[in-house]
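Trainee: Here's the letter readout for the chains.
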Amino acid sequence: MKKLIRIIRLLNLPCDEVVRLVSQSFDDDLPWDERAAIRSHLVYCTACRRFRRQMVMLRDLLDRYIEQPHLADRSPEAFLSDDARERIKRTLSPPSE
Amino acid sequence: MATPLRPSEWVDEHGDLLYRYAMQRVRNSQVAEDLVQETFVSALAAVDRFASASSERTWLVGILRHKIMDHFRGSARRPDTLGDEANAALEDPTFDKRGHWKRTPARWSANTDTLAEQGEFWATFHDCLAKLPRRAADAFCLRELSRLDSKGVCEVLGITATNLWTQLHRARLMLRQCLEENWFGRGSAKARK
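The listed protein sequences derive, respectively, from chains A and B. Here this note's numbering is used: position 86 in the first sequence is 86, and no number is missing along the way. Here this note's numbering is used: position 24 in the second sequence is 24, and no number is missing along the way.
Extracted from the complex, chain B is given alone in its bound form (with noise of 0.2 Å):
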């Protein structure tokens, strides 16, 4: 059902479920409210093209996700936080120079169910997720947080699709890497040392 625009209204009505929505796909609070406040005044300036179809959330929700693109669409020009090239001189942490594992993955046990729901959970993911290097890490979110497909987020990110896969690939070897370390491995970590 279509509610009545009611702008005044809109931050605390909203304000909150924006704001989470964006930090789940930005990792970042001053982004996360910038976006926000950039939907706000987007939808404010567009209040006489409101489709009274949907409802005012699905109508803001829609605003924000174009703004969470042109956020990450800078991304590509800008620089990487680890430069590729010390990237490539370092070790290569997960395998050794045959190919083989350097340490096999440890059996993660969870219910997925459970796990979802604890708060602390998805604190470690984050964390994890903030030690990526910033192109691998926006990647990761676009396709992985923002659910787009590879095409999509080849677009928004301004890269070629090898390009995106390795991004990806890299950001998938860290991020198993730090929950193995930070999570699922906690207990037994303490017994393979």
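Same shape as in the complex, but just chain A (with noise of 0.2 Å):
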């Protein structure tokens, strides 16, 4: 009765509930349940559904990115500037006596 009720209840959830369950589901393994109440929500849930894939779609980006530190090449952020580069050379070169 117990689990009846609670399944009753994930069919239901509103679509915050189903979104944090959804970005849950990223970084732990959902009970067969919780993801059976996703899989259900998003047949017929255009906003949640496009949330999931919005997500699937950043996490591809950021695969790519960070296998690549050359996609940040372009920008001024991606070098050492001059005085970093100076400042880390004197902490590394042995004291001048």
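To be clear, the hints were calculated from the coordinates, so they are not data collected in a lab. Don't take every hint at face value.
Claimed, not checked - Okay, derived cross-link-like pairs now, DSSO-like style, lysine-lysine, Cα gap no bigger than 30 Å in a straight line: (1) B:Lys151 / B:Lys67; (2) A:Lys3 / B:Lys151; (3) A:Lys2 / B:Lys97; (4) B:Lys97 / A:Lys3; (5) B:Lys67 / A:Lys89; (6) B:Lys131 / B:Lys102; (7) B:Lys102 / B:Lys151; (8) B:Lys131 / B:Lys151; (9) B:Lys67 / B:Lys97.
If you're wondering where the values come from, they're calculated on a predicted model, not measured in any experiment.
Starting from the two chains in their separate frames, assemble the complex, guided by the hints.
Mentor: Okay, structure coming up:
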């Protein structure tokens, strides 16, 4: 009975809670009934379906980004500043007498 | 292949790469510079423990990774940039009281191959990341940019799994909103209003 109530509640979750579960599913293994709740909600809810698709896309983009440091090359922030370079070199060089 | 170690040339040879690696993961140039410096200092002190099986660069990146984790480690003990109480008092910008979307997310139409190559997009992404409350941003960076698993992030930040999921979800909702407003919705934003 308790199980049934839980399932009925899960199948009627509002968008904000579904989206929270979608998010959690990226970081944790969800129990089957929560996975089913997400899946059935996404069948009829365009907004939450888009949210999920956007998050998958973002992860996909980030995958490429971190594997390819050259992607940041064009920004001025991609290079160690001359100041920092000099400072670090000074730290590394043996103390002169 | 193992390369002979030349600490005097490290900065010129690996400095930019290490800096970029750190920048992608900690989102702050000052912090990134410091991390690179600490990496070289630690490397110099450990030169004789260099395992010649790996390349010099791989070895240095490995040290940098540890420095990045150390940087985040103190994070949970420092105060958040937006107090949680202050935040809870604010009206939820995304959902109404019944838990429905206030505004339906837009369709993000983009080719991920092309988009990933656009420096402008990543600049927008980092601007959005910088607007997040610090804890949410730290959690997101460790999870999605340093690619630790949940357990790993919890250990570094010293928080519970439930707290981590809350922070990550908060980060995702805010990033989503910001990217939609400043990148994906730039064309359609005008049409909506």
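Trainee: Next pair to validate is Lys3 (chain A) with Lys151 (chain B); report whether the Cα-Cα distance is within 30 Å.
Mentor: holds (29 Å)
Trainee: Lys67 (chain B) and Lys97 (chain B) were given as a pair; does the straight-line alpha-carbon distance stay at or below 30 Å?
Mentor: The given pair, whose Cα atoms are some 43 Å apart, is violated under the 30 Å limit.
Trainee: Measure nothing beyond the straight line between the CA atoms of Lys131 (chain B) and Lys151 (chain B); if it is 30 Å or shorter, mark the hint as holding.
Mentor: It holds: about 25 Å lies between the C-alpha atoms, which stays within 30 Å.
Trainee: Taking 30 Å as the top limit, are the C-alpha atoms of Lys67 (chain B) and Lys89 (chain A) close enough?
Mentor: Status holds; Cα separation ~19 Å.
Trainee: Within 30 Å, alpha carbon to alpha carbon, are Lys102 (chain B) and Lys151 (chain B)?
Mentor: violated (33 Å)
Trainee: Hint check: Lys131 (chain B) vs Lys102 (chain B), CA-CA at most 30 Å. Holds or violated?
Mentor: holds (21 Å)
Trainee: Starting from Lys97 (chain B), check that the Cα of Lys3 (chain A) is at most 30 Å away, please.
Mentor: The hint holds at about 27 Å.
Trainee: Mind checking the alpha carbons of Lys2 (chain A) and Lys97 (chain B) for me, to see if they're no more than 30 Å apart?
Mentor: holds (27 Å)
Trainee: Is Lys151 (chain B) within 30 Å of Lys67 (chain B), Cα to Cα?
Mentor: With Cα atoms ~19 Å apart, Lys151 (chain B) and Lys67 (chain B) stay inside 30 Å; holds.
Hints 7 and 9 from the list above are not met by this structure, while the remaining hints are.
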